[in-house]
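Modelling step: build the complete structure from the supplied sequences, incorporating the hints.
Numbering-wise (our numbering), the first sequence opens with residue 1 and increments by one.
Be a bit skeptical, because a hint or two may be false.
Simulated DEER-style distance windows between Cβ atoms [said to hold, decoys possible]:
1. 233 / 172: 30 to 40 angstroms
2. 86 / 135: 19 to 29 angstroms
3. 280 / 86: 54 to 64 angstroms
4. 104 / 233: 34 to 44 angstroms
5. 144 / 120: 16 to 26 angstroms
6. 72 / 133: 36 to 46 angstroms
Quick list of in silico lysine to aspartate or glutamate cross-link-like pairs, DMTMM-like style, CA-CA up to 20 angstroms [stated by the list, open to error]:
7. 300 / 251
8. 242 / 85
9. 270 / 288
10. 234 / 298
11. 300 / 387
12. 301 / 231
Hints listed in this document are in silico derivations from the structure and should not be mistaken for laboratory results.
Computed from a predicted structure; not experimentally measured.
Glycine included, every Cβ here is placed at the ideal spot set by N, Cα and C.
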Amino acid sequence: MTGPRYRFAPSPTGFLHVGGARTALWNWALARKEGGTFVLRIEDTDEARNRPEWTQGIIDALAWLGVHADDPHFEGPYFQSQYADQHVATAQRLFAQGAAYYCDMTPADIEARNKAEGTQGYQGWSRDLGLGPGPGRVLRFRVPPGTTVVHDLVRGDVSFDNALIEDFVLLRGNGSPMFLLANVVDDLAMGITHVIRAEEHLSNTPKQQMIWEALGAQPPVWGHVPLLVNEQRKKISKRRDKVALEQYRDEGYLAQAMVNYLMTLGWTPKGDSEIAGWASMEADFRLEDVNHSPAFFDLKKLAAFNGEYIRAMTPAEFLEAGRPWLTAADAPYPVDRFDEGVFLAMAPHIQPRCVTLADAPGLVDFLFQPEVAVDAEAWAKATGTPEAVAVFRGALAAYEGLGDWSADALKAGLEAVGEANGLKLGKAQAPVRVAVTGRTVGPPLFESLECLGRDETLRRLRLAAALLP
RNA sequence: GCCCCCAUCGUCUAGUGGCCUAGGACACCACCCUUUCAAGGUGGCGGCACGGGUUCGAAUCCCGUUGGGGGUGCCA
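In structure tokens:
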């Protein structure tokens, strides 16, 4: 493997954040198109949030998006916690060469001193005390004078005045390494050449770059991509927003739709459509073309993308994708009555009516219910007309002797019944629809009847007719 | 407070000095189609934050203002 090495380094918080998912996708596209490597590193140094199943969840979520561990471009996962020794050793090396120093001030000490002197932050008070390691002492990086320029693929050169960056902590009082250090050491150890991550890390980048330089290494190519925000324009967070990718998956969003939508948040595929397949997006994606401003994660647009993808599926694909919902224990019909053949026949009619896969069962339920659940309000509305009885009788008469049980014939039959009663087809179908499907709205009626079959249709019609005076 | 980033329709964006009386998509509205609801078709609404420059010419370049966001931890 000689190509560029990208990395995605999530912390195992229990789910894959949609913002992280986009970052992963962009890294993945770049690694693959450039013949490089995508390294997955789990930043599990926070003991409080570190469970094996959470890591597996992230791997599964990535795989769902197409970021597969069995692809040769994929490497890992590595676990940051397993590199702790290296983190500490590197810190000690920094201390030995004078790039870092020990400090015995506690946060409370610093606060007190700032109060007394009217200053803010850590003022490098222990810089030249020549302190050695000791219990409770933190190791701080000695920020050199000058200016640090971060060369960023998305934003260009960003410069920071080192004088404004305080001597930050490398090792805690208990000796454990801080994120900034661990991150750099890991990236160095894993030969990472490109660090593409969210913009929230931009401000900390000069610190990391200084560590790279202090270590005598060449910093990676940086790329800070814009944040994903909510309607309040704040970065989407677990607290207030629906950020777990897994949740969207479970709600019936398609991976392809999610991938397509995520990719277009801050970037536009070439060509005249935003709907684009992975292959073309991977080929066209460039960090240089990424927008600089935050993007609103719009559920409405995600839904539109999803509908688009659902409509594009073949019935067989639709069945396979929808199977978990169609045969779920909580489906609105006894699961053992679900019939694939019948569903396949109905699929073209319900696909344009689905936003998510979860919508499917509710659109075909009447086909598999032994007794259709009639909505009381719908029944009242559709059968409350003077013609309802006549429609039922007429339909029954027309359908009982129908030689060709097809949508066309069923439609022609009811059209005649409507005509005889002075009703347009739209009106005439209402009572029949409620009697057979339980609702006033749903997929095309005659196709539904065709799928339901003669016996069951007639049975429901008779039952309904008997209910009217 | 200080540092950094950002700024085109409500939203996602195209646009890299003349092709822009600013294009598309989602959303919204209307109409068409129609077997309900969708889908689809057609049309409409709607934007370059503001102020200075630079230039023959600015959405595009520069400066400032305003606004928004991020960072600033012995979190990651």
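Hint check:
1. 233 / 172: 30 to 40 angstroms: Roughly 34 angstroms apart at Cβ, these two residues keep to the hinted range, so it holds.
2. 86 / 135: 19 to 29 angstroms: holds (23 angstroms)
3. 280 / 86: 54 to 64 angstroms: violated (40 angstroms)
4. 104 / 233: 34 to 44 angstroms: Since residue 104 and residue 233 have Cβ atoms about 42 angstroms apart, the given range 34 to 44 angstroms holds.
5. 144 / 120: 16 to 26 angstroms: holds (21 angstroms)
6. 72 / 133: 36 to 46 angstroms: holds (44 angstroms)
7. 300 / 251: holds (14 angstroms)
8. 242 / 85: Status violated; Cα separation ~37 angstroms.
9. 270 / 288: With a Cα-Cα distance of about 14 angstroms, the restraint between residue 270 and residue 288 holds, given a limit of 20 angstroms.
10. 234 / 298: Status holds; Cα separation ~13 angstroms.
11. 300 / 387: violated (41 angstroms)
12. 301 / 231: holds (13 angstroms)
Violation of the numbered hints given earlier is confined to hints 3, 8 and 11; the remaining hints are satisfied by the structure.
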